[in-house]
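Here is how the chains run, residue by residue.
There are 2 protein chains.
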Amino acid sequence: MRSSQFFMPTLRENPSEAQIVSHRLMLRAGMVRQASSGIYSWLPLGFKVLKKIEQIVREEQDRAGCQELLMPTIQSADLWRESGRYDDYGKEMLRITDRHDREMLYGPTNEELITEIFRNSAKSYRDVPKMLYHIQWKFRDEVRPRFGVMRGREFLMKDAYSFDLDAAGARRAYNKMFVSYLRTFARMGLQAIPMAADTGPIGGDLSHEFIILADTGESAVFCDRSFIERDVLSLDIDYDSDLEPLVKQWTTDYAATDEKHDAARFGALPKDRQVEARGIEVGHIFYFGTKYSEPLKAQVQTQDGQTISVHMGSYGIGVSRLVGAIIEASHDDKGIVWPESVAPFKVGLVNLKAGDAATTPMADDLYARLTRAGVEVLYDDRDVRAGEKFAQMDLIGLPYQVVIGPRGAAKGEVEFKTRKTGAVEEISAEAALNKLASRQGA
Amino acid sequence: MRSSQFFMPTLRENPSEAQIVSHRLMLRAGMVRQASSGIYSWLPLGFKVLKKIEQIVREEQDRAGCQELLMPTIQSADLWRESGRYDDYGKEMLRITDRHDREMLYGPTNEELITEIFRNSAKSYRDVPKMLYHIQWKFRDEVRPRFGVMRGREFLMKDAYSFDLDAAGARRAYNKMFVSYLRTFARMGLQAIPMAADTGPIGGDLSHEFIILADTGESAVFCDRSFIERDVLSLDIDYDSDLEPLVKQWTTDYAATDEKHDAARFGALPKDRQVEARGIEVGHIFYFGTKYSEPLKAQVQTQDGQTISVHMGSYGIGVSRLVGAIIEASHDDKGIVWPESVAPFKVGLVNLKAGDAATTPMADDLYARLTRAGVEVLYDDRDVRAGEKFAQMDLIGLPYQVVIGPRGAAKGEVEFKTRKTGAVEEISAEAALNKLASRQGA
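Those protein sequences? They're chains A and B, same order as listed. Numbering of the first sequence is given in our numbering, commencing with residue 184 and proceeding in unit increments. Numbering of the second sequence is given in our numbering, commencing with residue 184 and proceeding in unit increments.
Chain A on its own, in the form it takes in the complex (with noise of 0.2 Å):
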C-alpha cells in the first residue's frame, strides 16, 4: 500500500479526551475514530490489526475442537426472562422496542441464545460434547464509556460455549479452552497469567481470568515470578489428551486479582518471587454447570435413557480491547511497538526523497518485489519531510522499517531498522527483501 493513496488520518498532537496511552496512540496513528461515546469506527490500520488478532483467536478456536457460527446482535427479551437474566442485567444491557412493539435488546453475551440453538437440536448423549463459538459485535451501555476500544460500548467480542454430559466432560472442555486461551495469547506476544476469578453476572463455580501486564491496567494484580517466563508455544499440544496436568501447572503458583488476592499466601513467597503489578483481563472462562440448561430445558438422553440437562461453560476473549491491551503491553515513547503477529503491515519502506532520480526507482522496484513475496508493506512515497516520515513510521509501529536516501542509494544499500530496539543495518536492498522475505509467517 502507497501511504499516499492510503486512508490513515494521523494527528500530530495528543487528544485531549484520550486518558490511556493506547487510546492516544490508536487516535494518533489513525487506527481508529470515534463515532459516538463509547463506539468506534475502525479506520484501514487499525481495522488491519483487529482481523488479525481475530484470525488468531479463530484459528486457536478451531485447533481445540470449537466450531464457528455467527449469532445476531438483535436478540428477544423474552428469551432472557426464560433465564432470569432480562430483569437482572439492568442498565448495562441496551433494550429495544421494535415497531411491533416488540421488546428486543441488542446481546451483551450470548448463553441465553447458544442454548436455545443447542436444545432445539440436540437429543441424545451423541450429540455431545460440542464446542461452538461466535465473534461477533456486544453491546454493553456503560454508564462511563472511556480508555477507547478497551472499554467501549460497541465491542467484539469471542465467546464459545461448551456443552457436556457431566460435570466431569465440562471439566474437559474446561481446559481444552483454558490451553487454548494461553496460546491465543502467546501467539499474540502476551504473556497472559491466568487468575482465579470471581463468576460476576454469568454465574458458575469455577472461573479463570486472563490477565496480562501492563502500567495502566485498571486492577491490581500479584502473582509468583514464574509466570512471567514461561513459554507455552514451545509445548506440542495434543487437545484429546488429559490437559489437567497442564492446567495444574499454569494454577499451582500464586496469583490473583484484587478481589481474590490473599495476601498471607502472596507474603509467604520468597521476596524475589513476589510481583505486584496492574494488569488488563483480555480473557475470561466459566464453567456454570446447569446454570442456563435447566430454565432453558437444553437436555439430552442418555445412553442408560435418563433425561439430563447439558453440562455448560462459556469462554470469552475481548478482541476489539485486544488492540488496545497489545498496546498498553507494547509501546515506548515514540509510539506503538507491535508484535509481528499482529501487525497491520510488516515493514515501513520509506523514500527519503520522493521523486529523486535514484531513491526512486530503486523504492518503486523493492516495493514491487516486496510484494511480489507476499509481505505487507507500507511504502511512504509521499513528498513531505524525512523528520515526518521517520515520525509517523515510529509512531503507527511496524515491526521493520527500510529506509532508502540518496547517499545509500548511490551505494545501492537501505537502512534496516527493528522498530523494537532500535537497532540499524545498513544493507543491501537485495539483503532486505531475503530477511523480510524469509521471516515471513514467522
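Note that these hints are calculated values from the structure, not bench results. Careful, some of the hints might be misleading.
Note that the list lumps identical chains together, so a pair holds whenever it fits in one copy or between two copies.
[Said to hold, decoys possible] In the SDA-like style, the derived pairs of lysine to any residue whose C-alpha atoms are separated by at most 25 Å in a straight line are:
id	residue 1	residue 2
1	K274	D284
2	K306	R211
3	K235	R246
4	K618	A593
Starting from the structure of chain A, add chain B where the hints point.
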C-alpha cells in the same frame, strides 16, 4: 470435519414457514436457524458459505482499489439529522434510546457516518480520490420479514463509498465499482445483469441494480439474451485504465426491471433475443454528487485554492442475501448445488459402512490425505443408513462426493460423483485424491 462431530442439525421435513426454496433448503440443511422474526443465527455450515462470499467480495473490492474499514452498527441520530434522513426513513429504521436518553439508531446504511469520517480528515485535493468500504451487519425493521435471509431484518452488507473532486472523477469510481461487481458475482457462479434503476432513499442521478435471474425472483425483469452469454472473468481488467468502453458494452443492450421497463424498446428486439424472467437484486450502485457532502460539509480545497464539496457515490452488495440468492439460482429437487467457489466444503466423503474392516481404514486414510492436501472435506463417518447419507449429501450440495462401499473397497475403488451433473465414475482412491487436489483453488 467428521459428520459425527459437526454441528449440522438437518431437518427431514420441509419447514412450513418457508415459502421459497432457498429458505427451505437453508433450514433443512442446518445452515441457519431463526432467532427472532427476520433475524437468523448462522450455524457452522451456513457460516462457512457466508464467509466465502464475504471473502470474494473483499478480494474484488481490494482489487478495485477500495480500502476496508469498519464502522459500528449503532449510530447517533444527530448525524442523520444533518442529512435530513432521520425523519425521512420512517419505521424501517430501528430507533434506540440509550441509558442517558440519547437518540441512537441501528444503521441501515452508512452514507452519513462515512461522510463524517471523511470530512474530519480530508482537507485538500491530495486526499482524493478515495474509495472506502466495510462489511457490516445492518438492520432494517421490515414490517413483514420473509424469505429467510433474502429479506431479513438483520443482514450483512458490503457498502462502499467514493469521494472525488468532480463528477468526472466520481464517474471513474462508479465505473470501477461497476466492473468489480461483474467480477464479484461471476466468481460466485452468478451471471449478474446490470439494469438501470431508481435511486430510492439513497438519492442521486445515476444508478444500476445488479440482478441475477431466478424463477423465484422478487421482480419481473426484461433483458437482451446477450447478457446471458457474456464471460466477464476472461477479461483482463486494469482498474487504472479507462473503463468507460467496458461499462458501455454492459449498458447498451436492453435490460430493465419492471419499474423502468420500456415495452416498446424491448418489443423492438428480435423475438429470440427477448428474455422475460424473474430477478433477484444482489447489488446496487449509486452516484449522488454532493447530496451528502453539502449538508454534512465534506469539503476539500482544490489545487487553485477553491473550497468544493466532494462528489460521492455508494455501492452495496447484499452479502447474507447472496447465500439465499445463489441457492435460488442453483439447486435441484434433491437440494442445493453449490458453485465450487462458495461451497462450505469441496467434497463429501462417505463411508457407506461405518466400522467395516475394509471401508473404514480406506475412508480414514483418504480423509487424512485430502486434509493434508488442503482440500476441505466433510467426512460422513456416522453409523446411519446409506440412504440417509446420500440424501443428506445431496441436500447440502457439496460439489463432489466420494463414496466408499464394501464392493468398491475390495477393488480399491471409490465412486466419484459430481453433484451438478450427477455423473459418477468408479476410480481409485488415488485418482480421486488427484482430481480433488488439482482442482484446488479453481
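Hint-by-hint comparison with the structure:
1. In this homomeric assembly, K274 and D284 come within 25 Å of each other (Cα to Cα) both inside a single copy, at 19 Å, and across copies, at 12 Å.
2. Taking identical chains as interchangeable, the C-alpha atoms of K306 and R211 lie at most 25 Å apart only when they sit on different chains, with a minimum of 17 Å there against 53 Å within one chain.
3. Taking CA atoms no more than 25 Å apart as the test, K235 paired with R246 passes in both settings, with 17 Å inside one copy and 20 Å between copies.
4. When the C-alpha separation of K618 and A593 is checked against a cutoff of 25 Å, the pair qualifies only within one copy, where the shortest distance is 21 Å, while the shortest distance between copies is 53 Å.
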